Amino acid sequence: MSLRETVFAEIAAIAAEQEKAMPPITDELVMLDTEFDSLCFALLVARMEDLTGADPFSEMDASDLPVTVGDLVALYDRAATRQAA
Amino acid sequence: MILRERLLAAGGLDGLFLSDHRTKKDLAGIVSGEREPAATAALAGRRVLLAVGGQMAAARAMIALDGLAARLALVPPKLAPEHIARIASDAEAEICVTDAGGPAPDTLAGLPCISVDDASRAAAETPRETEWALATSGTTGAPKLVAHTLEGLTGGINKAAAPEPGTVWSTFYDIRRYGGLQVFLRAMLGPSSLVLSDAGEPVRDYLIRVGAAGVTHILGTPSHWRLALMSAALDRLAPRYVRLSGEIADQNILDALRAAFPESRIAHAYASTEGGVGFTVEDGQEGFPASLIGTRAGIEITVREDSLFVRSPRTGRRYLGATSEALIAEDGFIDTGDLVERRGERYHFLGRRSGVINVGGAKVQPEEVETVINVFPGVSMSRVRARPNPILGAVVEAEVVLRADAGEDRIAIKKAIIAHCRPRLAGHKVPASVTFVDALPITSGGKLVRRGA
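Going down the list, the sequences are from chains A and B.
Taking this note's numbering, the leading residue of the first sequence gets 1, the next gets one more, and so forth.
Taking this note's numbering, the leading residue of the second sequence gets 1, the next gets one more, and so forth.
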């Protein structure tokens with residue numbers, strides 16, 4: 001599964017578990033415009049760390065905060081590249 | 001009341017014994033053995049640190065020193081050297097009773113020592129009241145020393161009733177901890193026989209020994225009992241009375257013990273080093289009836305800001321040593337730091353106020369989550385703690401020990417545990433992650449080690 005597919009799958013899984021109604025997940029989707037709340041987000045970050053070993057949020061500044069799902073995928077992509085380097 | 005005088009006056013010591021993993025001694029011999037004036041002179045009126053290796057030595061010394069020493073400070077087992085030094089200093093110890101299994105001499109910073117064999121031959125001609133000092137269980141940080149009187153320590157024990165014939169006590173706990181000391185004192189005030197545990201002894205060996213000695217009354221923490229329930233040697237045990245204390249007794253462990261010992265009285269006691277024995281519940285249900293709140297013989301219990309407060313002669317008198325902290329508030333109450341929640345006519349324990357996990361400002365008691373996880377089929381025990389999280393500060397993380405029959409598919413079990421928690425807990429209390437471990441560390445006091453709690 002690609003990183004993008006993993007992020008999409010986890011967002012969908014967490015939303016389902018937390019009983020949040022989500023629009024179709026796309027790169028352009030702005031996460032905070034949906035019911036995906038801070039707890040969902042916290043769970044997503046924890047699970048992505050479990051899956052990839054990376055926690056890009058702990059080492060970035062607020063200006064880099066991902067707005068869209070695509071931003072989030074890119075963030076994990078960069079972290080994966082750094083890990084590989 | 002002086003322990004040795006009481007034992008001598010009680011009579012009927014014939015056939016009673018004190019045993020550990022090495023030896024079995026006649027109680028009569030310990031109480032009325034040979035006396036040595038030099039030992040008496042060395043210890044009379046002194047503040048004494050009791051720092052021996054095993055519990056047999058501790059028991060002999062406690063019987064000899066109550067009524068003789070001005071203060072008797074009990075050093076619990078497996079304590080770090082710096083904590084032993086701190087206890088010696090807080091107790092203002094003048095002499096140390098020790099043995100080969102005790103702390104290294106350099107730990108004690110020049111304190112004069114007397115061997116436990118010599119100390120056991122001391123006896124007061126004119127007994128005095130000895131102040132007892134017990135270390136808090138110190139699951140977090142350095143232990144504090146709490147001063148008690150023997151009257152207070154035995155305040156929860158029915159001293160008028162003769163023990164049931166054939167009573168033999170035992171405790172998974174060390175008798176130098178509050179819970180274990182209660183069992184030691186119950187046995188001595190009975191009087192009845194007592195089987196001592198040993199820190200290095202496998203649970204299986206202890207259970208076999210306890211069974212062979214015909215133990216009828218036995219105390220352990222819920223964590224001790226969970227271990228025992230996983231042991232094939234559990235069937236050696238046929239207790240009349242099973243007591244739990246020291247941790248929250250959840251419904252799961254109470255039900256499991258009921259199933260294992262259908263004929264036994266099963267009691268969970270609420271007690272702490274600071275607050276003494278609060279109450280004992282025997283209805284097989286977790287928590288305690290709301291009717292216990294209020295004033296009863298010898299004890300007052302109240303709830304303030306979700307925390308249990310007790311006022312009674314059984315509580316500790318004060319902290320010893322260089323602490324600015326007052327044990328007892330001006331109105332005489334002790335804040336136990338134990339959080340409770342009323343549900344209908346029953347109060348349930350939520351855990352220690354200090355163990356709170358903060359998930360984005362919402363509080364989570366680890367024990368509340370553990371209680372839910374522990375009832376999931378196949379789960380033996382669990383530990384819940386904070387996992388740092390960049391979004392909410394922390395999320396809930398659970399470490400789970402599975403029983404051998406739990407099944408192989410770990411990913412499916414993990415999902416099932418989280419799914420099990422979801423309808424039973426608020427969203428922020430549901431574990432964000434579950435990891436499986438072979439075992440969880442338990443302190444020498446029998447409690448789960450809560451790192452960073």
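Be aware that one or more of the hints could be misleading.
Some chain B residues flagged as far from chain A (calculated, every beta-carbon gap over 12 angstroms) [said to hold, decoys possible]:
| no. | residue |
| --- | --- |
| 1 | Pro77 |
| 2 | Arg128 |
| 3 | Gly152 |
| 4 | Leu234 |
| 5 | Ala290 |
| 6 | His348 |
| 7 | Lys363 |
| 8 | Pro390 |
| 9 | Val395 |
| 10 | Gly427 |
| 11 | His428 |
Partial list, computed: chain A residues near chain B (C-beta under 10 angstroms) [unchecked claim]:
| no. | residue |
| --- | --- |
| 12 | Leu3 |
| 13 | Glu5 |
| 14 | Ser58 |
Straight-line alpha carbon distances no greater than 20 angstroms define the calculated DMTMM-like cross-link-like pairs of lysine to aspartate or glutamate that follow [stated by the list, open to error]:
| no. | chain 1 | residue 1 | chain 2 | residue 2 |
| --- | --- | --- | --- | --- |
| 15 | B | Lys25 | B | Glu151 |
| 16 | A | Lys20 | A | Glu35 |
| 17 | B | Lys415 | A | Glu10 |
| 18 | B | Lys24 | B | Glu300 |
| 19 | B | Lys414 | A | Glu10 |
| 20 | B | Lys415 | A | Glu28 |
Keep in mind the hints are simulated off the structure, nothing from the lab.
Computed from a predicted structure; not experimentally measured.
Backbone N, C-alpha and C define an ideal beta-carbon position, used for all residues, glycine too.
Exercise. Has the given pair, Lys25(B) with Glu151(B), been kept, meaning a C-alpha gap of at most 20 angstroms?
Worked result: violated, 27 angstroms
For this session: Check the non-interface label on Pro390(B): least C-beta distance to chain A beyond 12 angstroms or not.
Result: Non-interface label fails for Pro390(B): nearest chain A Cβ at 4 angstroms, not farther than 12 angstroms.
For this session: Would you settle whether the hint for Ser58(A) is holds or violated, based on the nearest Cβ-Cβ distance to chain B being less than 10 angstroms?
Result: holds, 5 angstroms
For this session: Hey, is Gly152(B) genuinely clear of chain A, shortest beta carbon separation above 12 angstroms?
Result: Label holds. Min Cβ-Cβ 47 angstroms, cutoff 12 angstroms.
Exercise. For Ala290(B), is the shortest beta carbon distance to chain A beyond 12 angstroms?
Worked result: Holds, since 33 angstroms exceeds 12 angstroms.
For this session: Could you let me know if the closest chain A CB is still more than 12 angstroms away from the CB of Val395(B)?
Result: Its Cβ does come within 12 angstroms of chain A, the nearest being 5 angstroms, so this is violated.
Exercise. Is the Cβ of His428(B) more than 12 angstroms away from each Cβ in chain A?
Worked result: Nearest chain A Cβ is 6 angstroms from His428(B), so the label is violated.
Exercise. Since Lys363(B) was said not to touch the interface, does its Cβ keep a gap of more than 12 angstroms from each Cβ of chain A?
Worked result: The assertion about Lys363(B) holds, with a minimum of 14 angstroms to chain A.
Problem set entry | Non-interface label on Leu234(B), tested against every C-beta of chain A at 12 angstroms | holds, 36 angstroms
For this session: Decide, holds or violated, for the assertion that all CB atoms of chain A are farther than 12 angstroms from the CB of Pro77(B).
Result: Holds: least Cβ distance 38 angstroms, greater than 12 angstroms.
Exercise. Hey, Lys24(B) versus Glu300(B), does the alpha-carbon distance stay inside 20 angstroms?
Worked result: violated, 40 angstroms
For this session: Find the nearest Cβ of chain A to the Cβ of His348(B) and say whether that gap is larger than 12 angstroms.
Result: holds, 24 angstroms
In terms of the numbered hints stated before, the structure departs from hints 8, 9, 10, 11, 12, 13, 15, 18 and 20, listed from lowest to highest.
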